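Build the full structure now, drawing on both the sequences and the hints.
2 protein chains.
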Amino acid sequence: MVMSTRTEPETDGIRVAVSTVIFSLRRGARGDRPTIVLPLVRRTRDPHEGRWALPGGWLDRTEELDVAASRTLAETTGLAPSYLEQLYVFGDVGRSPGRVVSIVYWALLREGAKLPADAENVAWFDVADLPPLAFDHEHIVEYALWRLRNKVGYSRIAHGLLPDLFTLAELREVYEAILTRDLDPANFRRQVENSATLIPTERFRTGSHRPARLYRYDQDVELADRGPLPHPTAPFALSREARS
Amino acid sequence: MVMSTRTEPETDGIRVAVSTVIFSLRRGARGDRPTIVLPLVRRTRDPHEGRWALPGGWLDRTEELDVAASRTLAETTGLAPSYLEQLYVFGDVGRSPGRVVSIVYWALLREGAKLPADAENVAWFDVADLPPLAFDHEHIVEYALWRLRNKVGYSRIAHGLLPDLFTLAELREVYEAILTRDLDPANFRRQVENSATLIPTERFRTGSHRPARLYRYDQDVELADRGPLPHPTAPFALSREARS
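Order-wise, the sequence lines are chains F and Y.
In terms of this note's numbering, the numbers along the first sequence are unbroken and rise by one, the last being 244.
In terms of this note's numbering, the numbers along the second sequence are unbroken and rise by one, the last being 244.
A few of these clues could be false.
Far from chain Y by the CB rule (all over 10 angstroms, computed), these chain F residues [stated by the list, open to error]:
#	residue
1	Pro-9
2	Arg-43
3	Phe-125
4	Pro-132
5	Arg-156
6	Thr-180
7	Glu-202
8	Pro-211
In silico contact screen, one side only, chain F against chain Y (beta carbon under 8 angstroms); selected entries [what the hints assert, rightly or not]:
#	residue
9	Val-100
10	Ile-103
11	Tyr-143
Ranges of calculated distance between the beta carbons of each label pair, as one might list FRET restraints [to be verified]:
#	chain 1	residue 1	chain 2	residue 2	range
12	F	Trp-146	Y	Gln-191	38 to 46 angstroms
13	F	Arg-190	Y	Arg-95	42 to 50 angstroms
14	Y	Pro-97	F	Asp-32	42 to 50 angstroms
Read the hints as simulated data drawn from the structure, not as lab findings.
Nothing here was measured: the structure is a model prediction, and the numbers come from that model.
Ideal placement from N, C-alpha and C gives every residue a C-beta, glycine not left out.
Pasting the structure below:
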């Protein structure tokens, strides 16, 4: 009998949490490469009280998963993402006291996003210079960065970090920040122009350099092909609306 | 206050299940393109009693996630995969009576794998000709197939469906079965030879056609780059061992 080895699993006492790794872009002084940053929340209770952790919380029994990701992100940081996608489930037995299965999302935020003025125990960190994190969150951030670096190669995901209008140099700097290496400006321009996903505008960035044309991205093109996955539910749809 | 909107979520009553979409290859009469098949389990209790469903079961509180996937697969079908990877979490509120969050794995099985002789309520189905499935499992299979078709383009994942030794024609047929289209034999041979992941042997497939060289794949090369994800735990490692 195939079934004869079955013993009844002990299914009680498993709790489901939702966390989000949300990346944004921080530009430094002119000429410096921008950096990828993410917000962390300082834990105010045990386990790991005082450590920095990913924004998150418990899944509500009546709540869709991506709604829980948006809600816990808003509650802990006040931020709303421009892109949100399920990353992976982290559920190792030893990752937390008790058994906690964490459904992790990763998200993008347009550059310049600010934390609310009254935000407590929340701060931005450069991904290259993180403090020790609670639980297995360092590993989770490492995996999310790997996914971001992979995905930037075959999707228009980088646009999730940009404002409505941007120059080609600003777009290139996003790629450079994600890939942590310099790209040849002429090659980059040619590739982007060939991809036909950007729409040139008649506006220009002026300043100390010669004027640079501003581009916007095509709102009809999805940032990434999600295949037959369901479309994000209301709260995230709203935040997509808000970005246009 | 950022925290002021927080209400205590109702976290009880959420159950965690693990299911696996496991693909294999079925060769028909000579000259026919092989097909992608998967095993389904007929449900013997409500909800959806009598419907076909993905192999799976409840996560045990003390069990790692991939171990649970291997265990429930073995218990319901007697099968052990040659490749196992987390696919996605399906947790829509309305997908099942009560609240069930299903952590879904996808897996590959080398061609010719057989169900145990005493397997009850388990059968192979052609992915192109599935019966109506329980819960949201049709949608899950559709997403797993999409992932398989994508991944075959940038990994050596097709090898997970092959025996130790195979001809280039047999390898091409695996790609054709996954992509559901014919590939040019000469182009295919050139691409595979350039990829340097196959090792030619001194053995040949003989039969009614002229002898065809047998190849094996390089055991030192991972089937797919998993990035910084943890390595699969014991039971799956054993089944990887078993395949070499």
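Do the hints match the structure? See the list:
For F:Pro-9, the non-interface assignment is contradicted: its Cβ lies about 4 angstroms from the closest Cβ of chain Y, within the 10 angstroms cut-off. For F:Arg-43, the condition that its CB be more than 10 angstroms from all CB atoms of chain Y holds, with the nearest at approximately 13 angstroms. With a closest Cβ-Cβ approach of about 17 angstroms to chain Y, F:Phe-125 is found to remain outside the 10 angstroms limit, as its non-interface label requires. No beta-carbon of chain Y comes within 10 angstroms of the beta-carbon of F:Pro-132; the shortest separation is about 17 angstroms.
Distance check for F:Arg-156 against chain Y: the nearest CB is about 17 angstroms away, which clears 10 angstroms, and the non-interface claim stands. For F:Thr-180, the non-interface assignment is confirmed: its Cβ lies about 15 angstroms from the closest Cβ of chain Y, beyond the 10 angstroms cut-off. Against the 10 angstroms criterion, F:Glu-202 stays outside the reach of chain Y, whose nearest CB is about 38 angstroms from its own CB. Residue placement check: F:Pro-211 keeps its beta carbon more than 10 angstroms from all beta carbons of chain Y (closest about 40 angstroms).
Hint status for F:Val-100: violated, given a least beta-carbon distance of 11 angstroms to chain Y, over 8 angstroms. Annotation: interface hint on F:Ile-103 holds; nearest CB of chain Y at approximately 5 angstroms, less than 8 angstroms. Interface restraint check for F:Tyr-143: the shortest CB-CB distance to chain Y comes to about 5 angstroms, inside 8 angstroms, so the restraint holds. Distance hint check: the CB atoms of F:Trp-146 and Y:Gln-191 are about 26 angstroms apart, inconsistent with the given range 38 to 46 angstroms.
Taking the beta carbon of each, F:Arg-190 and Y:Arg-95 are about 46 angstroms apart, inside 42 to 50 angstroms as hinted. For Y:Pro-97 and F:Asp-32, the Cβ-Cβ distance of about 56 angstroms falls outside the hinted range of 42 to 50 angstroms, so the restraint is violated.
Hint compliance for this structure: hints 1, 9, 12, 14 are not met, and every other hint is.
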